[in-house]
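There are 2 protein chains.
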Amino acid sequence: MKRFAFAFEEMRASPETVFLLGNKGAQLAEMTSIGLPVPFGFTISTDACREFFAAKGQWPSGLKEQVREKIASLEKKAGKQFGSRENPLLVSVRSGSYVSMPGMMDTVLNLGLNDETVRGLATQTGNERMAFDSYRRFIHMFADVVMGVKHELFEEAIAELKHSVNAKSDTDLSTGQLQQLVDRYKAIVTEFAGQSFPSDAWAQLEMAVSAVFRSWYNERAIKYREINNLRHDAGTGVTVQSMVFGNMGNDSATGVCFTRNPSTGAKEFFGEFLINAQGEDVVAGIRTPQPIQELEKFIPSAYLELVRIQALLETHYKDLQDIEFTVEHGKLFMLQTRAGKRTAQAAVRVAVDMVNERLISREEALLLVKAEQLDKLLHKQLDPEAKKKALVIARGLPASPGAAVGQVVFSARKVAELFKKDKNAQLILVRTETSPEDIEGMHLAKGILTARGGLTSHAAVVARGMGKCCVAGSNDIMVEEKNKKFKAGDLNIMELEWVSLDGSAGEVYLGQLPVSDPTFSKDFEILMSWADKVRRLKVRANADTPVDARKAREFGAQGIGLCRTEHMFFEKGRIKAVREMIVAPDKEGRLKALAKLLPFQKGDFKALFKEMNGLPVVIRLLDPPLHEFLPKSKKQLLDLAEEMDVPYKKLRRVVKGLHECNPMLGHRGCRLGLTYPEINEMQCRAVFEAALECEAEGFRPLPEIEVPLVGFANELVETRKVIERIARETGVEGKVHYKIGTMIELPRACVTADEIAPHADFFSFGTNDLTQTTLGFSRDDVGKFVPIFLQQGILSKDPFQVIDREGVGKLMHTCIEKGRSVKPSLEVGICGEHGGEAESVMFCHELGLDYVSCSPFRIPIARLAAAQAVILEAKAIDGIGVVKPVASLSPVAEP
Amino acid sequence: MKRFAFAFEEMRASPETVFLLGNKGAQLAEMTSIGLPVPFGFTISTDACREFFAAKGQWPSGLKEQVREKIASLEKKAGKQFGSRENPLLVSVRSGSYVSMPGMMDTVLNLGLNDETVRGLATQTGNERMAFDSYRRFIHMFADVVMGVKHELFEEAIAELKHSVNAKSDTDLSTGQLQQLVDRYKAIVTEFAGQSFPSDAWAQLEMAVSAVFRSWYNERAIKYREINNLRHDAGTGVTVQSMVFGNMGNDSATGVCFTRNPSTGAKEFFGEFLINAQGEDVVAGIRTPQPIQELEKFIPSAYLELVRIQALLETHYKDLQDIEFTVEHGKLFMLQTRAGKRTAQAAVRVAVDMVNERLISREEALLLVKAEQLDKLLHKQLDPEAKKKALVIARGLPASPGAAVGQVVFSARKVAELFKKDKNAQLILVRTETSPEDIEGMHLAKGILTARGGLTSHAAVVARGMGKCCVAGSNDIMVEEKNKKFKAGDLNIMELEWVSLDGSAGEVYLGQLPVSDPTFSKDFEILMSWADKVRRLKVRANADTPVDARKAREFGAQGIGLCRTEHMFFEKGRIKAVREMIVAPDKEGRLKALAKLLPFQKGDFKALFKEMNGLPVVIRLLDPPLHEFLPKSKKQLLDLAEEMDVPYKKLRRVVKGLHECNPMLGHRGCRLGLTYPEINEMQCRAVFEAALECEAEGFRPLPEIEVPLVGFANELVETRKVIERIARETGVEGKVHYKIGTMIELPRACVTADEIAPHADFFSFGTNDLTQTTLGFSRDDVGKFVPIFLQQGILSKDPFQVIDREGVGKLMHTCIEKGRSVKPSLEVGICGEHGGEAESVMFCHELGLDYVSCSPFRIPIARLAAAQAVILEAKAIDGIGVVKPVASLSPVAEP
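Here the protein sequences line up with chains A and B, keeping their order. If you count the first sequence from 1, position 854 lands on 854 in UniProt numbering, and the numbers rise without skipping. If you count the second sequence from 1, position 670 lands on 670 in UniProt numbering, and the numbers rise without skipping.
There could be a bad hint or two in this list.
Cβ-to-Cβ under 8 Å is the rule here; a few derived chain B residues that face chain A [said to hold, decoys possible]: (1) Cys661; (2) Leu674; (3) Glu715; (4) Ser778; (5) Glu806; (6) Lys810.
Below, in silico cross-link-like pairs of lysine-lysine (DSS-like), each with a Cα-Cα straight-line distance of 25 Å or less [claimed, not checked]: (7) Lys649/B - Lys632/A; (8) Lys551/A - Lys370/A; (9) Lys721/B - Lys784/A; (10) Lys634/B - Lys656/A; (11) Lys634/A - Lys634/B; (12) Lys186/B - Lys150/B; (13) Lys649/B - Lys482/A; (14) Lys784/B - Lys576/A; (15) Lys485/B - Lys632/B; (16) Lys482/B - Lys650/A; (17) Lys650/A - Lys632/B; (18) Lys656/B - Lys784/A; (19) Lys650/B - Lys482/A; (20) Lys634/B - Lys484/B; (21) Lys587/A - Lys784/B; (22) Lys649/A - Lys482/B; (23) Lys784/B - Lys721/A; (24) Lys721/B - Lys56/A; (25) Lys797/B - Lys721/A; (26) Lys485/A - Lys649/B; (27) Lys587/B - Lys56/A; (28) Lys482/A - Lys634/B; (29) Lys649/B - Lys487/A; (30) Lys635/A - Lys656/B; (31) Lys587/A - Lys649/A; (32) Lys56/B - Lys587/A; (33) Lys587/B - Lys784/A.
Treat the hints as calculated values from the structure; they're not laboratory data. Glycine included, every Cβ here is placed at the ideal spot set by N, Cα and C.
My request is simple: use the sequences and hints to build the entire structure.
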């Protein structure tokens, strides 16, 4: 028979047992095994949870028997009997996933109490009041967690009772009053659960275990896993442990502590406790806990033991530990230890300190910091405490991370106007959607909020490029530019009112929230330098402007992996020429307009080459469909027609002619340059002339021209011909070292990579578009089903955040294999947004890529993840960490 | 050194030599080798042509020497000298591709003539007049073909001369007048070509060969290859052959003949000739040629020899031959033989007759008919002769094949009105674009013409489903419904004027053109029965209605491979309920609307099952994005709001909410059913209840439910659960045999087929969408670049017509391999439009598919192609026929 239940003393903690038992169960086993005082207990495996869901809520066969057997063993060790009225064994029933998900799933304490056993507990403890206090807590918790009776009903009942007896605090209630409360609670259960409270301890236990299983798929747990990129199919373990009581009087206590300060990382024992309380009281915040050091005054022996154990645990686990303990009649019991959650700042400091303390190696230190966490160090952040108290008035897409606080303004023109008056003006530009005309205003504003558009909308793309906080596509708001206000629900936010944006979370807060600046500590620099020594992957930046390029170098970029030349087209003075080119009726007209653009582009490239002196700069030829450069609305078109001195009807005809049903799959990428070679000619001329001039000024430019959206080798062949011709014409050959390569964004390019590679000096995966085409997911349109798929477990991760290994990843693998089969020296990189996401970076390392490229602000993340990939590879642990694949499963309805 | 020039007697015809030399050169070699009287000559290979283009118009090294050597050899055999004034050798220079492209490329006759050699020719032939006549023809032809001087200039000059000397016909001109003409022609050349006419024979030869090479990329040749799906990268051979003269007097002649009647296929020697003429005269139509049988009267010995040889050639080649010959002073020379072009009707008859004559086997007969050609037998056709004389007023997309002649009407309502008055009304519905409201009018009209929309627009899809002729997306027309007219250029076509549509070519003609009905001869039935015995692939139909299903069975369908249930949604009485479902604010509202649809769908399925009694019927669950069921324009929305009694603003909000940037990659396919499971539930209930009722009535329904757009195994798993639940609820289990499978339309599905297959009873390739996603080509938007890519040779074929073997094909291969690796019994089919295209059908055979499915009208094509695939496989010749891959090349500009 399959084993589902494991006593603490039978197991040790390992990646396998963490996944099998959940982290809590595995660590309780580990602490037991190294001789620490842990109350006896056992853990039901995550296997059982998965089988429970697969069987639509039935316990797997054998589980019941194994649980009974383990309880019998507990009874023996504790010298108590489960359900006994004389000497009852009470247990806690707790959840625990492979990664700690604090507070997301359910817990039941004091299980085993009923009208008889409560008497036994009173006898055992000699404390009748405590027994009934535990009983009323148990009913409340069990009814809420297991039976779905609303929390508030019990809170109202106790409040009512306190009021009627004039009690200030719960501790003022007498034993008799608590007995009354138990009866009232039971009546509430019968009324609202449709069944009476189960008095049988075994029934309680089975119901509680099932409820903990089910809590794996409660809404907040699903949400938490989504946010933290955790597997929906892992399931929870259930730990059943004999109760110890911190509420046995003044020689009893319960508390939570950290081996170091989890906010700052400082090496100091940190935590808090409550005398005469159960764990939930600490969390609930009814009484104010005391700093952990005070415990020495109350129960000195237990405190000294705790100090010893916490130090021992940190040394044992080689990491900052988050510890739960209870003291029962002066005796210390360890209830949990786990790696402590910590701020990014603390993570970095702890890692570096521990190396200095010779506790861990540099490699271990690199694994102690979550790469994704570094994001917080690199952007301004809204103060987390202030956020808790502030009002979220709208949510949108987290389009560009960071924080921004400012007064709302509804037009770019107005932003510029106000900025002119006051250079320190803090403004938030709020628009239905942005367009190229808004660029200047976007630049001057502190943050951007739009009502429409996805993560690749104009606002989102431009904001990320500027490193500016942006919340995009907020369906919660309605912008009324004319009335100088926006509506968020029933609220009207008028011009110049203050709001605060959290671009990392996609949240809009009312008012001015405090903001913390990004900080690069000395420790951060040290950690990064360690990462750089370890990693094999190079890290480049996606950067379109000299400002971005400088930032990128500061963050450690080893080149530019993607310069989107079209972003230069949107800037003032250029967009007009771009539009003239589009509207031109023939090649001659296009050439005339392109000639106006040439000096701009050349200037851009010169500045880029100088910033990136001696480092490669990948320049992508024009990629987006031309209609993106024209406005959409009738009014804008009328204005433009006047500005360009072109009949409105003609302009409308052009816009209509450019309309596409699926622009993502339309006339863009290399298809543009093949149908209008003069565009490529101008861009290449700008690149080569810029390079020559930089060379002459003593710089060392290394341009790499990149052809986008290639699907057929011939497309690259033909485009390459044009590039090489311009190279000859500009006389760059022999003077500047340049490369010609292609983006890999189409499944066809992957499966025909052996045909394409002979004509390419490098490949660069555009995994945004490759994900769109491989999965048939339009990134702008997935909002209607991807969130639902994540919730239903159809998808385990958002494929636009984390590379879809099984699908897109396979095609990437095929591509590299085929490409290098004909050209072993082929340089391969990635420049999709996955290039800055830690898990995807690790995958790129596994695939054998040469570099990843990402936005400047994500470079440190990529550097660390690339180093972690090397270390994990050496440890033969896959990039996701400790997890082995399991059969998928899906939630079942509540019974 | 590489060999580029091959004497006739050195080679035989084979697939390899046909590709190397072109068909003409290979067949001249073959005729020479079997002892037929062929003037001496040699052929320059297509290799040389490809290298010529690769080297931007330079002759490959060695070619010049080889040509000189071959000419020397000709001189020896002919006893004449090239460029000699005494005894000149004259040659013809002709093009010839691997597939005959009659009239598409250039030819030069009489090459080697100049002011001196013309004297030699006069002496040789004793015919001074003929010599100068040949000379003036040569200058004219050479200047036109090689030097780019306009044809008309020479025609004007000769007309002027004839007028001035009062000559009626060219033959009335005297030797002296022809000499004058030669001088005039040379002056024209000097004036218009910017250089004088080359008198050196070697210079003439080199210029002519280069010109023939270049003619490979002239506009009409490119167009021809596009239409006929020929390779742009093959290049042309150049055949150089000593001249023989049919214009030596009344014992000389030239002619063209066929071994059987190419129109009807009747076994009769067929052709025509001119006495005392050169080949071009027959083609030019200046004199009226005589039936071939008349030749016996003029030159009996030559005629008898010709009859003997034509019979011999047909037996030798085992196919109807198209023969060119010349008689010089009574001696017959063969100038060309090739498989004769023939009508579809003739092709079928010839094939069957030849088997009856024991000339060929049934397998050979099956290869004699081009599968694609059968299309002409299955639809009405505009009379080809009448088309030549009629005015094309507009062109559009060939959205649905066939022909339609009728009076134009601009609204569906009006069509219905007119039809009510006269059941025989012949009407053409002309709309900017069609919408579901137009269905009834479309049904009653003979044909449909739209100004907007692609090959997958509403009009196109619906028309193909109805088997109704449709020209869609004609940019040439502007519909003014209000004014009851449409504009085509400057023409105004008013309501009730007559037009004729050619849906196969996408052409609109003014007036009433005669139409020929489709004909199924006895021979056709015989040929099909042979095909059915040979083929391994099953052939099913894409059919959505009982009418289509019946047609499909008539055409030999072995089941329905794709029933697009949403097409049923568009019909009257249903679309309203569909819209109610979409507009419904919650599940309850959707369920109410779906309940209205259930009886309709059930009725549809019952009728389908009855028609296809005992054969499988694949029913695809709802696939298109919901916005396709709602109108777009404000006016239509206002009307709909009133009709549905829903506020306009609400309806507009729904439409806006459904808007997608790239609907092709959006909320559609199984994503709909996973987010709104009630839609799947209704459809499955309809299928199962219909099947049960059919079963009870004594029929044998075999439903196969198909889940569209699956990319993740989990999508199929979850959808399958719903289908199986409904199966249980309807009690169909055990009573009706049903299957559940999935369409394969996404690259991700292909590379994860081993994960999907365990949950699928069958796979069906949706190659339309798979092509869109693999190539990143939106079918509706490729008009802007695919035609240009075809012309530039970047693409060799339109991937939406012929499966892209190297890209999409590889993914299909991977998919089948992975799918069958875990489920060897997996049934695999194809239901994209490629399933009815001959070359793609052959590819499906090679891949090991179980069946193809196509529109009813293409079933015979698929049946024949499937048989041909088996025969070619046995012959170890690939599906494309005779062609091996070659390096790609691209056109160079004229020098």
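Checked hints:
no.: 1; hint: Cys661; in the structure: holds (4 Å)
no.: 2; hint: Leu674; in the structure: holds (7 Å)
no.: 3; hint: Glu715; in the structure: holds (6 Å)
no.: 4; hint: Ser778; in the structure: holds (4 Å)
no.: 5; hint: Glu806; in the structure: holds (6 Å)
no.: 6; hint: Lys810; in the structure: holds (4 Å)
no.: 7; hint: Lys649/B - Lys632/A; in the structure: holds (22 Å)
no.: 8; hint: Lys551/A - Lys370/A; in the structure: holds (22 Å)
no.: 9; hint: Lys721/B - Lys784/A; in the structure: holds (22 Å)
no.: 10; hint: Lys634/B - Lys656/A; in the structure: holds (18 Å)
no.: 11; hint: Lys634/A - Lys634/B; in the structure: holds (15 Å)
no.: 12; hint: Lys186/B - Lys150/B; in the structure: holds (13 Å)
no.: 13; hint: Lys649/B - Lys482/A; in the structure: holds (20 Å)
no.: 14; hint: Lys784/B - Lys576/A; in the structure: holds (24 Å)
no.: 15; hint: Lys485/B - Lys632/B; in the structure: holds (23 Å)
no.: 16; hint: Lys482/B - Lys650/A; in the structure: holds (23 Å)
no.: 17; hint: Lys650/A - Lys632/B; in the structure: holds (23 Å)
no.: 18; hint: Lys656/B - Lys784/A; in the structure: holds (13 Å)
no.: 19; hint: Lys650/B - Lys482/A; in the structure: holds (23 Å)
no.: 20; hint: Lys634/B - Lys484/B; in the structure: holds (21 Å)
no.: 21; hint: Lys587/A - Lys784/B; in the structure: holds (16 Å)
no.: 22; hint: Lys649/A - Lys482/B; in the structure: holds (20 Å)
no.: 23; hint: Lys784/B - Lys721/A; in the structure: holds (22 Å)
no.: 24; hint: Lys721/B - Lys56/A; in the structure: holds (13 Å)
no.: 25; hint: Lys797/B - Lys721/A; in the structure: holds (22 Å)
no.: 26; hint: Lys485/A - Lys649/B; in the structure: holds (22 Å)
no.: 27; hint: Lys587/B - Lys56/A; in the structure: holds (24 Å)
no.: 28; hint: Lys482/A - Lys634/B; in the structure: holds (24 Å)
no.: 29; hint: Lys649/B - Lys487/A; in the structure: holds (18 Å)
no.: 30; hint: Lys635/A - Lys656/B; in the structure: holds (20 Å)
no.: 31; hint: Lys587/A - Lys649/A; in the structure: holds (21 Å)
no.: 32; hint: Lys56/B - Lys587/A; in the structure: holds (23 Å)
no.: 33; hint: Lys587/B - Lys784/A; in the structure: holds (16 Å)
The structure fails none of the hints (numbered hints given earlier).
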